[in-house]
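Peer 1: Below, each chain spelled out in residue letters.
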Amino acid sequence: MAEAIVFWTLAVLILGLGVMVISARSAVHSVLFLVVNFLLVAVLYVTLNAEFVAVIQVLVYAGGIVVLYLFVVMLVNLKKAPERYADPRRIAWTGTLLAGAVLAEVIAIVYASVSSDEAGAAGGGFGADTPFAECGAGPLVSCNTEQLGWVLYTSYLIPFELASMLLLVAMVGAIVLAKRHL
Amino acid sequence: MTLEAPRTSTTQFDTDELVINMGPQHPSTHGVLRVVLKLDGERVIDADCVIGYIHRGIEKLSENRDWTQIILLTDRMDYVAAATNNLGYCQTVEKLMQIEVPRRARYLRTVLAELQRIASHCLWLGTHAMDIGAMTVLLYAFREREFVLDLFEEFCGARLTYNAMRIGGLPLDIPPGWDKKVLSFCELMEGKLNDYEMLLTNNRIWLKRTRDVGVIGAEEAIGLGLCGPPLRGSGVPRDLRKDEPYAAYDEMEFNVPLGTRGDTYDRYLIRMDEFRESIRIIRQAVEGLPEGPIMGKVPRLIKPPAGETYHAIESPKGELGYFIVSDGKSTNPYRFRVRPPSFCNLQGLKRLVTGHLVADVVALIGTIDIVLGEVDR
Amino acid sequence: MLETVVVPLLKIAVLLNAVLVAVTFLVLMERKVIAWAQSRLGPMRVGPYGILQAIADPIKLILKEDITPAKADKYVFTLAPIMSLVPALVVFAVVPFGPDPLYYVSDINVGLLFIISVTSIGVYGIILGGWASNSKYPLLASLRASAQLISYEIAVTMTLVSVILTTGTLSLVGIVEAQREGGLWFAFVQPVALMLVFIGGLAETNRAPFDLPEAETELTGGFHTEYSGMRFSLFFLAEYANMIVISAIVVIMFFGGWLAPFPNVPALAFLGFLPPWVWFIGKIFLFLYVFIWIRATLPRYRYDQLMGLGWKVLIPIAIGNLVVTGILKVAF
Amino acid sequence: MLEITPLHYSLLSAALFMIGVIGVLVRRNVIIIFMSIELILNAVNINLIALSDRLQDLAGQVFVVFVIAVAAAEAAVGLGIIIAFYRNKETVNIDEIQIMRW
Chain W
1 MAEAIVFWTL AVLILGLGVM VISARSAVHS VLFLVVNFLL VAVLYVTLNA EFVAVIQVLV
61 YAGGIVVLYL FVVMLVNLKK APERYADPRR IAWTGTLLAG AVLAEVIAIV YASVSSDEAG
121 AAGGGFGADT PFAECGAGPL VSCNTEQLGW VLYTSYLIPF ELASMLLLVA MVGAIVLAKR
181 HL
Chain D
183 MTLEAPRTST TQFDTDELVI NMGPQHPSTH GVLRVVLKLD GERVIDADCV IGYIHRGIEK
243 LSENRDWTQI ILLTDRMDYV AAATNNLGYC QTVEKLMQIE VPRRARYLRT VLAELQRIAS
303 HCLWLGTHAM DIGAMTVLLY AFREREFVLD LFEEFCGARL TYNAMRIGGL PLDIPPGWDK
363 KVLSFCELME GKLNDYEMLL TNNRIWLKRT RDVGVIGAEE AIGLGLCGPP LRGSGVPRDL
423 RKDEPYAAYD EMEFNVPLGT RGDTYDRYLI RMDEFRESIR IIRQAVEGLP EGPIMGKVPR
483 LIKPPAGETY HAIESPKGEL GYFIVSDGKS TNPYRFRVRP PSFCNLQGLK RLVTGHLVAD
543 VVALIGTIDI VLGEVDR
Chain X
560 MLETVVVPLL KIAVLLNAVL VAVTFLVLME RKVIAWAQSR LGPMRVGPYG ILQAIADPIK
620 LILKEDITPA KADKYVFTLA PIMSLVPALV VFAVVPFGPD PLYYVSDINV GLLFIISVTS
680 IGVYGIILGG WASNSKYPLL ASLRASAQLI SYEIAVTMTL VSVILTTGTL SLVGIVEAQR
740 EGGLWFAFVQ PVALMLVFIG GLAETNRAPF DLPEAETELT GGFHTEYSGM RFSLFFLAEY
800 ANMIVISAIV VIMFFGGWLA PFPNVPALAF LGFLPPWVWF IGKIFLFLYV FIWIRATLPR
860 YRYDQLMGLG WKVLIPIAIG NLVVTGILKV AF
Chain H
892 MLEITPLHYS LLSAALFMIG VIGVLVRRNV IIIFMSIELI LNAVNINLIA LSDRLQDLAG
952 QVFVVFVIAV AAAEAAVGLG IIIAFYRNKE TVNIDEIQIM RW
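These protein sequence lines map, in sequence, to chains W, D, X and H. Positions 1 to 182 (the working numbering) are the ones given, in order, by the first sequence. Positions 183 to 559 (the working numbering) are the ones given, in order, by the second sequence. Positions 560 to 891 (the working numbering) are the ones given, in order, by the third sequence. Positions 892 to 993 (the working numbering) are the ones given, in order, by the fourth sequence.
Keep in mind the hints are simulated off the structure, nothing from the lab. All C-beta atoms, glycine included, are put in the ideal place defined by N, C-alpha and C. A hint or two may mislead.
As the list claims (entries may be wrong) - Within a straight-line C-alpha distance of at most 27 angstroms, the following computed BS3-like cross-link-like pairs (lysine-lysine) qualify:
id	chain 1	residue 1	chain 2	residue 2
1	X	630	D	220
2	D	511	D	485
3	W	179	X	695
4	D	390	W	179
5	D	374	D	362
6	W	179	X	871
Claimed, not checked - Here are some chain D residues pointing at chain X (derived, C-beta under 10 angstroms):
id	residue
7	201
8	203
9	315
10	381
11	382
12	540
Could you put the whole structure together from the sequences, leaning on the hints where they help?
Peer 2: In structure tokens form, the structure reads like this:
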């Protein structure tokens, strides 16, 4: 019951804020809605027993990446609204239509997988015996930060290092792009 | 005149220049100075000083006052160093009328001028440090300035605008025991100077904020017409007390501190040394105070002969000059012109701040030590 | 129901009130301490020795006219002070004032990360406040602030990681317990980390000598130039609440939280006559005093020097400290 | 309605994904398009976390960490491009970004 209330509240808020992000007229307002959206997603993660990821979501997304967005929005300091010039070939509602098609596709896939799942195991939803279940590292408990660390530094060590290389490259790239005189 | 930045239409478009008005309502422009800064990010690329917010027409006003009344107008120029203004004016008129000032009056004038230098430098130190963020020094310096003001109050009854001198001498002799108080103040001030220096001189942050900020070479400083500590900070040995002695400075022994690098820190050190030299001069003058009259032979009606004269003294801010033309007929000057050191030093601000950051602007306004009352007159 | 809802809510109510009252008295303490440092008396008129000034100040701020500049972004302008204050207060949810569950609202297993992440949200209030004012000085200040906070956050977080390495837990209660078991405050184990966190804390709370975003002599008050009345007081509250947070973090991480000095030395056991929360709050106030003392003593850094210090000095030292800690941890 | 299954999370994720896609397709401000991409990534993350909880498998959370790292890299480089572009053309309108060099 409590879980349902929390979920539906969060779901409505997350989707509502998502709509606000893409529909807000001022880019700064968009960024603000995005922050709140990310914070609520973090709360959702907490309800799903993923505290560490939730905290990382707040720290990296809300506290880092979105600040960067805000910074850029303030830096470019638009004198003319970007919506001023529109390509005449652009037809706005096709975008929505296409997105609706994507949504329909995704929902169809989800339902298809659920029904095939139900046919295989009477678990309702994704069963624990799907093929994915094998790549894990033991049972999950609420207090999982340590486990996550173990997994990250053993099974996923190479992807982890690659991710750090990616960040380094991105850092260098961002500096090269944004710096006025090298 | 428009003060907006002209749009540069170069092919390489850069982020916008930001034009901000620093002042006239700004806590660090030391009065109502307005500096129009053109910023690229935080870096200053251009600066314009807009002055005149407290222009009261003292020069024009003086042409309609008789010669004694002008003394009190000069109080209102550099209002943190009123006695030096009085001194410069009185000496100019004395030079014009060729009045001999008695030795005791000359000694006392020296004491007053040097006390005034200490008071003015206290105010400079406090506000300069405050601009850079050291708030405690402000309160300390004002505390000691208060003692100087007390001494002046006892001498002439006023604390800010003294009207402390007359053409030909002084209006009053010193009250009994005043010289002792001056000497004990010198004692106290020396200890307090060590306190200030302990807070600032070797403070790493202070050094970082002032070292190599606003560097100006000797030739350029002369070219800009700088005077006083900003000029001596660049290593130019120009001090009117030594070069063209007036009052009793020819009988005093003192050094003129000089800088080597010409940066804000050097100017700070020079003024700190000037505190000590002032104390030294005050000691010599008070201890060697001769007996005698305090007023020279001055005619009842002051009416200088026709002619013009220029006389300058070393005020705490720099060379304070008066140019007076008398037509020899009326009881007021025909033309009265002041060469205010703050105004001349302010001309260097644009050169000093260009290329520095916004935070340095306040440090540099502090280091040239301006008083807007004197700039605008 | 009682255990899961009423008791935590009561705790939160008590804690919030305590923090807000503490902030008002902290302002009084700052005024008094700085006044004494400057050979003044400070507030003396309201109540004996000016004690009631702590109440008069908030009343004055609340009653003042609340001005919204004509060209400001109204919603963001109103939201910004709230966004600045809320994270500062939320952090107190995980601060343990004593060993017993009675003394904290919750002890979550990622407590330290929670504090780091929530405080990182506080930067929005400053950026948006400066932007929404639609004025040049606040905008400059908020750009300074965002760059400053993000830079120093990196150094502080990296330093805290080396402390986490020593304890092996992210729970704040666990960190204090580790110091009790070790018998030694981490201030002695990780002195470099202590200095880094404290300096970074000064920078993150915009306190002197890193008070550039609100340097009144340069930017005429910084990001809150256009604010007045209640909204200004929210910024004010946030700054002081953040000071308490940083002090609390330093005390928990390095000075044994609620523990008495040298908890394992029997000769000093008599120090236990004071309840744990008294030790904790006492230590916090000691650090708040240091904050104020520094403000009264030091000049202000310049923006480029501040960034240089953060990136070229603190972060390399933090990384070095982390590496050395890791090596020692593996070796012993 | 009352029992929350991973299906609900998947649908939430799909809806958020769609909002992001609409943002990318409809808006003309490059910065908002970037933000829409962040929404899409978040939609994926919700799915991963929900399934990780359901399957009692940490792989999902590990992936979220990687997604966040990639998002950070993407934001840094993307915003760098926006700044560089804005400096040259003084616009962030995607319809005006038609040529590859100038």
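Peer 1: Taking the hints in turn, state whether each one holds.
Peer 2: Verification of the hints:
| no. | hint | in the structure |
| --- | --- | --- |
| 1 | X:630 / D:220 | holds, 23 angstroms |
| 2 | D:511 / D:485 | holds, 7 angstroms |
| 3 | W:179 / X:695 | holds, 23 angstroms |
| 4 | D:390 / W:179 | holds, 26 angstroms |
| 5 | D:374 / D:362 | holds, 19 angstroms |
| 6 | W:179 / X:871 | holds, 18 angstroms |
| 7 | 201 | holds, 8 angstroms |
| 8 | 203 | holds, 8 angstroms |
| 9 | 315 | holds, 3 angstroms |
| 10 | 381 | holds, 7 angstroms |
| 11 | 382 | holds, 8 angstroms |
| 12 | 540 | holds, 6 angstroms |
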